[in-house]
Structures are given as C-alpha cells and as structure tokens.
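Protein chains: 2
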Amino acid sequence: MARKPAPGPRDERGVLAARILTAAREQFAQHGWAGTTMRAVARTADVDPALVYHYFVSKERLLDAATDPPQRWLRSVAETWTTPVDELGAALLRLMLGAWRDDEIGPVLRAVLLTAAHEESTRDKLRRVVESSLIGVSQLGVNDEDRLRRSGLISSQIMGLAMMRFVWKIDPVASMSEDDLIAAVAPNLQRYVDGELT
Amino acid sequence: MARKPAPGPRDERGVLAARILTAAREQFAQHGWAGTTMRAVARTADVDPALVYHYFVSKERLLDAATDPPQRWLRSVAETWTTPVDELGAALLRLMLGAWRDDEIGPVLRAVLLTAAHEESTRDKLRRVVESSLIGVSQLGVNDEDRLRRSGLISSQIMGLAMMRFVWKIDPVASMSEDDLIAAVAPNLQRYVDGELT
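Protein chains in written order, with full-length UniProt numbering: chain A, 1 to 198; chain B, 1 to 198.
Calculated from the structure, these hints are not laboratory results. A couple of the hints might just be wrong.
FRET-style restraints, in silico, Cβ to Cβ [stated by the list, open to error]:
(1) B/120 x A/196: 39 to 45 Å
(2) B/106 x A/84: 50 to 56 Å
(3) B/196 x A/54: 53 to 59 Å
Below 30 Å or equal to it, Euclidean Cα-Cα: the simulated DSBU-like pairs (lysine-lysine) are [stated by the list, open to error]:
(4) A/169 x B/59
(5) A/169 x B/125
(6) A/125 x B/169
(7) A/169 x A/59
(8) B/169 x B/125
(9) B/125 x B/59
A virtual CB, placed ideally from N, CA and C, is assigned to each residue, including glycine.
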C-alpha cells in the first residue's frame with residue numbers, strides 16, 4: 001500500500017509543505033500550468049490530495065507558493081549589486097549560473113520561467129522578480145529611464161541564456177563551460193551596465 | 001445554428017486547413033501543449049472536430065504542422081546572412097523584429113517558443129530552426145566550433161529579447177521603440193558576430 005501521511009503533528013507540517021512545494025515545482029516546470037493537477041502533485045509528493053488542498057487551497061495558490069523566490073536568493077541578488085560597477089557584468093552572470101545550479105533556487109527559477117508564458121499571475125511574478133532583483137536595486141544609468149533600460153537589457157540577455165542553456169537545452173550554449181560562457185557573455189552584459197546605448 | 005463546414009470540394013481544403021492551423025497556433029501559444037485540445041482548435045476555427053482529425057490526424061501532428069516555419073521566413077533568413085559582416089548584428093535584429101510583426105511568421109514563432117518548453121518535439125523543432133536559420137547558414141568564425149558558438153550566443157540574445165518583448169511583455173524592453181532597441185542591442189550582437197569572445 002502507498003504511504004499516505006495524514007496531516008500530522010505541528011512540526012511535521014513544514015516538512016510536508018516543503019515536499020508538496022518541491023513536487024509542485026517539478027510538475028509545473030515539466031507540464032506547465034494547464035498540464036499540472038493537484039492530484040499529480042499529491043502523487044509526486046506522496047501525500048493525500050486532500051492535504052495539498054488543505055495546505056494550499058487551490059492550484060493558483062499552490063503555483064504562487066511554489067514560485068516565490070527564496071529569501072536567500074533575494075539576499076544574494078542584493079549582495080551582487082554591491083559589486084564594483086566595472087565587474088558587474090561578470091558578477092550578474094555568475095549569480096545566474098550559480099542560482100540555476102542551486103538545489104533550492106534552481107527549481108523555483110525553472111518553475112517561474114516555464115509557467116510565465118501561460119499563467120498571467122506567474123508572468124506578473126516574473127515581472128516583479130525581474131524588477132526587484134535585476135531592476136529595482138540596481139544603481140545603473142544617469143536617470144530612472146536609463147536605469148530601467150539597462151536593467152531590462154541585462155535581463156533579456158540573462159533570460160535568453162537561461163532559456164537556451166537550461167530550458168530548451170540548445171547546444172553549444174547548453175554545454176559550454178561556465179568559464180567560456182563568462183568570457184563570451186560578460187563583456188556584453190558590461191556594455192549594458194555602463195556602455196553607450198544610443 | 002453554428003456554421004460547420006463539412007469536408008468540402010478540393011479547392012476548399014487549403015482554406016480550411018489554413019484556418020485550422022491559424023486557430024491551432026493561437027491555442028498552443030495561449031494555452032500551451034497540455035492546455036490545448038483538438039476540440040478547442042475546431043471551435044476556434046469554426047469547423048467540425050472531425051475535420052481537424054481528418055486533416056491532421058493527432059494533436060502531435062497538428063502541432064508539428066502549426067509550428068513549421070513558412071518558406072518565406074527561411075528565405076528572408078538566408079537573405080539576411082548575405083548582409084556584409086560588419087552590419088550583421090543590426091540586420092539579424094531587424095529580421096527578428098520584422099518576423100514578429102509579420103501576420104504569418106509572428107504567430108508561428110510565438111507558437112514555437114510557447115510550446116518548446118513542454119513539448120519535446122517542438123523543442124527539437126526550435127533546435128532545428130535555430131540551427132538551420134541562425135546557425136547552419138552562418139559563415140561566422142574561424143572554424144566550426146567558433147561558428148556554432150557565435151551563432152548560439154546571437155540566438156541567446158535574440159530569443160531573450162523576444163521572450164521579454166513579445167511573450168512575457170516586461171517593460172521597458174516591451175515598449176521601447178525599434179530604433180532605440182536596435183541602437184542598444186545591435187552592437188552586442190555584432191560582438192558575437194565578429195568580436196573577441198575568449
């Protein structure tokens with residue numbers, strides 16, 4: 001018989017909720033918004049479907065919880081922005097590559113990118129993540145308009161690289177070493193940071 | 001009563017097939033692979049579901065037909081690659097911006113990008129489109145490895161820009177004028193074309 005933990009004592013709640021969120025990220029990333037069901041998430045997490053509803057109420061709220069960026073990620077983003085401006089291109093690229101390698105942050109980023117195209121609320125979240133992490137805290141540019149443009153262009157290159165390397169897995173970008181990738185791409189990011197754009 | 005054209009005379013076949021493909025692109029782009037049904041495509045195209053099966057057999061084959069790049073697009077890609085090498089960065093960017101504006105090509109590109117994340121066969125097709133249009137015909141680099149890297153990096157920037165501007169619609173990249181975008185991005189593409197990458 002399948003093991004189906006019932007809603008357990010209080011200290012078990014965090015463990016089960018985390019297990020459900022891990023399963024949800026996996027399902028959303030693999031099957032998209034429309035292809036994911038609460039039942040499949042429960043099965044992947046090895047819990048009773050009723051527990052998924054009990055903790056997360058609806059598929060919308062489950063997606064919302066599953067795609068919330070960890071505090072640790074927001075802190076490392078904020079830290080990266082303290083890098084001296086002439087090394088920022090490489091630092092932002094290293095931040096992204098490290099995030100995708102991270103056991104906790106990588107699956108969240110993947111779930112966000114893979115549901116954003118079809119789910120308006122995740123698109124809003126992607127927008128907010130981009131704005132707060134890549135745009136909001138940046139000190140770039142001579143004025144607000146310039147700052148937003150530079151940050152948006154940086155995001156376009158970083159996101160495109162993430163799609164090619166981690167989501168669509170198109171070679172040779174998918175298989176290049178991180179060192180080669182940084183050598184090739186960081187100077188382009190650096191131009192968006194402090195180069196002439198007009 | 002709803003108008004439901006039956007399989008008509010031979011010269012009607014092309015018209016109905018085109019209408020089904022248009023509806024399929026719209027559905028796949030909006031709801032993704034898992035969220036699209038043959039029935040919804042038939043409803044959008046205003047035809048009988050049996051006709052969709054009759055012409056396209058299965059959802060897999062419908063997606064395949066709906067995401068085939070038009071010959072006209074492949075020709076304009078090949079033509080772009082004849083641009084003098086020092087203007088290629090801007091030319092490739094103009095090609096992409098024009099393609100998204102095109103009534104026929106734009107919806108195909110959108111359907112490819114929006115289903116590639118969750119459908120292995122579309123991911124293969126995206127790979128082939130990237131390889132044949134952006135990589136295969138290019139004359140870049142000093143050897144094959146260098147050529148493939150340069151083309152892959154160009155694709156990463158162009159695809160990232162397309163996602164930000166047309167799919168996720170994140171400002172200011174989504175709303176910048178084409179001229180501003182070309183001024184900001186073309187020099188970065190040009191570096192991937194003929195700059196020092198190591």
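A quick look at each hint next to the structure:
1. B/120 x A/196: 39 to 45 Å: Given a distance of about 42 Å, which is inside 39 to 45 Å, the answer is holds.
2. B/106 x A/84: 50 to 56 Å: Given a distance of about 42 Å, which is not inside 50 to 56 Å, the answer is violated.
3. B/196 x A/54: 53 to 59 Å: holds (58 Å)
4. A/169 x B/59: holds (24 Å)
5. A/169 x B/125: holds (12 Å)
6. A/125 x B/169: Roughly 12 Å separates the two Cα atoms, so the pair holds.
7. A/169 x A/59: Given that 30 Å is the threshold and the Cα spacing comes to 28 Å, the pair holds.
8. B/169 x B/125: Given pair residue 169 of chain B, residue 125 of chain B holds - Cα atoms ~24 Å apart, limit 30 Å.
9. B/125 x B/59: holds (16 Å)
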